[in-house]
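Sequence lines, in order, name chains G and S. With the numbering used here as the guide, the letters of the first sequence map in order to residues 125 to 423. With the numbering used here as the guide, the letters of the second sequence map in order to residues 3 to 323.
Calculated from the structure, these hints are not laboratory results. Built from N, CA and C at the ideal position, the CB exists for glycine as well. There could be a bad hint or two in this list.
Stretch-level coverage of chain S by chain G, calculated; a stretch enters the list once three of its residues show a Cβ under 8 Å from a Cβ in chain G [stated by the list, open to error]: (1) 65 to 74; (2) 103 to 114; (3) 118 to 129.
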Amino acid sequence: MFAEILTIFLDGAIYASWLFIVALGLTFVFGVLKILNIAHGGIYALGAYSAATFVPIFYTLGLPEEFVIIAMLISALAVAIVITPIMERGLLRRFYGQDHVLIVLVTYAIYLVLEDVQKLIWGMKSFYVSEPREILGAIEFGDLYYVGYDIALIGLAIFCGLSLWLILNKTKSGKVVLAVIHNPEISGCMGVNVNRVYLSAFFVGAFLAALAGAFTAPLISVQVGISVAVVIESFAVVIIGGLGSIPGAVVGALIIGMARAACVHKLPEAEIFIMYFCMAGMLIFRPKGLFQGAEARKI
Amino acid sequence: MAKKIYQNMIFQSILLMLLLIIAGLFIPNWLVFVVTKAIAYGLVGLGIITLMRGGLVSFGQGLVFGIGGYTAGLLGTQAGLTDAVLLLFISFIFTGFVGLIIAPLLARYRDIFFAMLSLAFSMVLYGVLIKIDAIGGSDGFVLPSSTFFGWTPSKEYADYSLYTVSIIMTGIVSVLLRYYYNSAPGLMSLAVRENELRVEYLGASSFNITVINFTIAAALGGMGGALNGIALGHIDPEFTYWTTSGEFVFISILAGYLSVPAVFFAALLLELVRSFSGRYFPDTWQLILGVFLILSIIYIPSGIGSFFKKIMDKLKETING
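Just chain G, same shape as in the assembly:
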């Protein structure tokens, strides 16, 4: 009994931390740019593919095994560096201030394009890069054995969330971002370069998506179609937590992660739609999510 609860808890936490890293980028981009980015899932997939390319190269270099983490960071960074100027500068900038749904549709189009770009670059075959998963060995919880790498993902999620929160709330540039979130026009008048804030915020969001992809690559087979599920799952997290809220993303990811882990162990039939169920339920009782303040209405 206890072992079962522990399993559900650990599985849920691992799943939640993965979800959280993806959703963190999504919610941050929405908070700053007011864009609900469907292409976020595409960037995640690019991150996974990029890790699947860089990690084998790293192993041919013959460096100490632990440095593979750096290779994965570089692969995520590379994706963000390539994708941000194209997406934010090239396309999304044209649509700022327009109808939300229109922008969602634009990002959906970008998502479709990214899907095929993956196929064009990496082809249809699957990639396996499970080596990094072994560097941390196994961790024992009572009778249960967990792969150390999986547990380390929880740490990574906490690190990502905490550092973004600290940067936003405790540093000067973070406060500038908060000002832009609050009112881009007035911040612009005060001398903030709003366009640059948008660009960096998008970069952070893209980096987080690619990071989640890169660190998930060792757990899965990297292949066509891995982005589809991510889109909706991270959306569900963000909707549950409230759009643009970091604590909301934490709670949303935990709710979905735990609910899903519980389903996998107790009610496997419901696994596929439990998160939609959570999302629909949350929207019915708290339409704007858990952590969303009141908004003024236009009269």
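Take the given structure of chain G and dock chain S to it, following the hints.
For chain S alone, coordinates are given in the frame of chain G:
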């Protein structure tokens, strides 16, 4: 005056329907199929347009598309009902009824939250459908070939018969919809779009208007789903998937909310782009579709409908002097 406009409109619609039906005899069979599919997608798009007039966009029309499709499919396989007209009609009514039940839940939401909640509903249905093995699970099932008033067309005319039926039914629905758009709640939708609070202060209920609009959108989506299922001869949970819903939103954004024919034109454009790129660039059709989407949003932001309206206004001007 208004009566004359309606008479003109009905006359024009009948003329257009006859023209399309006759044209169907001369165009190749694959195009007949593509047009039928475009009509199916256009019907769902028409539903979204109806919502858009009230300021809402549903990102989950796959829900009603799937319900309509599965209604027609299950009636066909389980109850042995194969009459296309009847199947389309029942799906229309039944899905509209389902829409009426869901609508009060959705009608409180606006903007992106409406889109997301409708998306959540459609994905719940997707999750359920994929798990029910009795109706094929993720593979779906095959529909029996359809009949028309007791008559079973030979193989070469099967597509054409469905095409004819879909054009007639869609024509009737479109004309009725025009009536609705010009009715009190139909016009009030436009006011809700502009400023909901003011509508409430004037004494109208934006909630009720949204419920009506969503019900209509659901019925249209159900009919579209049934038509698509019958045309393909196969139905699977993909009907309710979010990427399918995305295509419907695209059709309605491309068409704009000003014109009914523009919706079908946009749907046809999407179908053609899809079938051509699927045929000549099978590995990159999504890329082409995506680029097409982006370009059309950049260059025709208010939709094809605005072109249509401009052309019609010009025509009227020249005719009237």
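Right, here's what the structure says about each hint:
Coverage of the segment 65 to 74 of chain S by chain G is violated in this model, with 0 residues showing a Cβ closer than 8 Å to a Cβ of that chain against a need of three. Counting residues of the segment 103 to 114 of chain S whose CB lies closer than 8 Å to any CB of chain G gives 5, which reaches the minimum of 3, so the coverage claim holds. Coverage of the segment 118 to 129 of chain S by chain G holds [criterion: at least 3 residues with CB-CB distance below 8 Å; count 9].
In this structure, the one hint that does not hold is number 1.
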